[in-house]
Amino acid sequence: MHHHLSTHSFHAGHALVQVDARVKLLSALALLVMVITSQGAAFPLFVAAAGLFFCLRLGTPVRLLALRFSEPLFIAVVVLLLKTFFSGNAPLFRFGLLGYELVAHRDGLDAGLLIAGRILGGVTLLGVVGFSTPFTELMAALSWMRVPQVLVDVALFAWRYLFLLLEDAQVVYHAQKNRLGYVGCRRALASFGTLAGVMVIKAFDNSQSITTAMVQRGYDGVMPMSMHRPLRVAEVGSALLFVGAMAVIRLI
Amino acid sequence: MRNTARRENDGTLPHPPSPSRKGRGRAGIWALPTGTLFTLLLASPAFAMHISEGILPFSWALAWYLVLVPFLALGARRLNALAREDLSLKPLVGLLTAVVFIISCMPIPVPTAGTCSHPCGTGVSAILVGPLVSVVVAAVSLLIQALFLAHGGLSTLGANALSMGVIGSFAAWFTFRVLRRMGGSLGVAGFFAGIVADWATYTATSLFLALGIRGDAPLWPLFAKVVVAFLPTQLPLGILEGVITAGMVTLLYRKRPDLLVRMRVITEKEGSVNA
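Just so you know, the sequences run in chain order P and Y. Those letters in the first sequence? Residues 1 to 252, by this note's numbering. Those letters in the second sequence? Residues 1 to 275, by this note's numbering.
Chain Y extracted, bound-state conformation (with noise of 0.2 Å):
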């Protein structure tokens, strides 16, 4: 294995150019890498984990904060109402804000996109406290990292808000939904409610980098390719949150119940059986 190792790292050691023949073979040995990368690199540049402070124009940035502030307000509308109901409702969300800010501080890099990426936490906290008041979450978690974290940032905050909170929240949401009633295993619909929030979110940031920076160039042709960009990344990161959002949820059924049936997860009829 050492072994193997070891040649597999002399294959792939960088040499300068050189105009012998055997240098040209090596040559010929890095041009599908480097042409793989170089295509990738082509494809545009993307600049997310979150989308970073300054990216946007002003105009698409004060845009995204327009779209955003609706479900903002009914999302501040509904936990207002539900924490008249239960006064351990606040803490709870601001706890969840919490949980979804640690599990989005994971980055992982991209080098093809020049960023990182990262888990979203949204399909959990959409599963758990409803997709309105999942906006709150992922708002004031992202609002936290951009003001002491520099990921992301404040003229940002609408974009990334809207494709994580938002457009994450609500596609996890009605995935786990849809997949329950069809009489998925809460397993099942957590994998699939955490993989779509994920590569839903992905989605929507390539759309709103490709509308920001795009210029003159046509619109979906770079939306392509800010999405080609993330692939490398968000296609393992998008199941890698699916199998997290299905542990959690399991877990929960396993250990707490009570506290899915509290959440209206799943009914007293099912949290009975467990316990």
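Same shape as in the complex, but just chain P (with noise of 0.2 Å):
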């Protein structure tokens, strides 16, 4: 998982990543309003493909985005299959399975399409987000976008931290296992109730102690956040001109 999260450090220099976090996520939140509601298939789609480009400009490895984009992908064909030969009425081609006979429908195909081309599309843009922007950055365009800051605080410390609780779940579900913690359903059971358990118990003592040394630097109760440069015209006119176009090719 470790890898799974640690996304932005291998494409540090592209020009996604140097845009400013605001715009891109006020570019992403507009685009996936228009892929939710577009009526068609086909914008959705554009949209996943753009996306993915970005995505494998950007130099994300295939494998991570094969790993996260997997679950999406699964259901997005899933819909797909189960709208074309389980709804509508125009029937487009039958055969048969195991002795049943499976009629596709072109409205359920066009239906299924058009679910699974919002998925993609929404999937690949926050894909997108994510790949090209350190979360930190996010965060901070989060509070300037009046998200409230205890939101944010606590998104910045679950982040910090997820990482240091994963290695420390790690270390005892190993421990677990050489101690034949996971032979058998009841052992398991326990065993990992016995994790889940270590692991509040760990957060609860981390937190402790994360406050002690906050509190020593200064921590009032309020995380400091980073300050904001002003917007550049040329990134908020780029942004505007590249949402027009994609609105442009939502109409058409």
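Everything labelled a hint here was simulated from the structure, so no lab data went into it. Accuracy of the hints is not assured; some may be wrong.
Taking lysine-lysine and the DSSO-like style, the derived pairs with C-alpha atoms no more than 27 Å apart in a straight line are [stated by the list, open to error]:
| id | chain 1 | residue 1 | chain 2 | residue 2 |
| --- | --- | --- | --- | --- |
| 1 | P | 202 | Y | 255 |
| 2 | Y | 225 | P | 202 |
| 3 | Y | 269 | Y | 255 |
| 4 | P | 177 | P | 202 |
| 5 | P | 177 | Y | 255 |
Not the full set, but computed from the structure, chain P residues with beta-carbon under 8 Å of chain Y [to be verified]:
| id | residue |
| --- | --- |
| 6 | 45 |
| 7 | 46 |
| 8 | 71 |
Coverage of chain Y stretches by chain P, computed from C-beta distances (three or more under 8 Å per stretch; other residues unrestricted) [as the list claims (entries may be wrong)]:
| id | region |
| --- | --- |
| 9 | 73-86 |
| 10 | 159-171 |
| 11 | 183-197 |
| 12 | 219-226 |
Using N, Cα and C, we set each Cβ at its ideal position, and we do this for glycine too.
Got two chains here, separate frames each, mind docking them using the hints?
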């Protein structure tokens, strides 16, 4: 999961990474609304293709992309099949399977393509944002967008200590496994409960030590956020042009 | 054992349809599982782990956001108030968010629903920090998953946080409190709180999905079909989550009762008995 989450380290030099997180996030949200409100499959699929292109241009390894998008892709394919074969009225083709006759429907296929396109379009959009933006910048952008500070603070704490807890969980898990803690269903359940409990205890202990360390460095209950530089006209203009062009493509 | 497994495997090898009598017999063997599978497939497409980006129509996605906002605002307000009394509370909630994130990132495939199920983890957070703060925990955990793991999505964050954070947390908290008032042990109350949190979350998810995708179809039959699609995994998963929750709470009681006293899960008197 470490590799799955640490995504921005290998393409720090790409132009898209240099774009302000606020501009990227707002553009992505505008495109997301366009994708979800789209009445045809062509636009969401176009966004998905463009998103995939950007992800690859960012230098994201194909294996990581496959891992990240495997679940939504699976959902999209199943939705497409279900809609094609189990909804709609206009028959497209039919074939036999294990003694059953399956009928594909044209209107079902259209409906399935639309939902599958929306899933893929939305997911790749977020993928581009996630792969090109460090977490802290994204949180700063959310803070700028007036998301309550307490939510941003909690997210920052969670992100920072997620990796620490994962490492702790792995250590405990391997120790349990070496002591046959996962042999048999009952022992496995008991071991997993203990593992989860240990994580909570560690969370409590860590929160105490983190607070002590932070208070010594001047923490008074509010996390300092990075200062926002003024938005560049070129960045905003390019983003507006890009979103406008996508809106025109959507209308076509 | 090995031979039995081999025999079972031989009996379930997929064969192409054959016009021969033997082939028809094998098709007959396949009829029951295939029929069951198709019935479940026909049930409806259910899309969770969590509700995926793009599944809900814009109007429904927006509606669930609007329902979520008051709970999230109250949760943020409560957390701010608690953090003013105890500076370590915000880091603690952040760490609990990481724990919930890890727990709810364990996908279990649901072939009949075309997606994956997972434990929720909000039962534990609701017991420890209360249902309102647990809404914050769930929302932030889901936000990180949507942005960096493609689990759920931004457009469906409102629906997912509402089902997992609000409905799951409140259901778990009420169950835990009621069972404790009735004299139930921590383990029993934790077990049922975990089960109720999980099943309530998936019932709500099924309702949100049915409302979002039904089109002109009647709501309740579709809702029932979505629930049926989730049953094969969610029934055992709920029990699993109950066991995990009970295990966590009893372990905390045995090892660190002071933490449960601090979070007001048990009284000081109960904590001192174990200390």
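Going down the list of hints, with the structure as the test:
no., hint, result
1, P:202 to Y:255, "12 Å, holds"
2, Y:225 to P:202, "41 Å, violated"
3, Y:269 to Y:255, "16 Å, holds"
4, P:177 to P:202, "19 Å, holds"
5, P:177 to Y:255, "21 Å, holds"
6, 45, "11 Å, violated"
7, 46, "14 Å, violated"
8, 71, "6 Å, holds"
9, 73-86, "holds (count 6)"
10, 159-171, "violated (count 0)"
11, 183-197, "violated (count 0)"
12, 219-226, "violated (count 0)"
The structure does not agree with the numbered hints 2, 6, 7, 10, 11, 12 stated previously, though it agrees with the rest.
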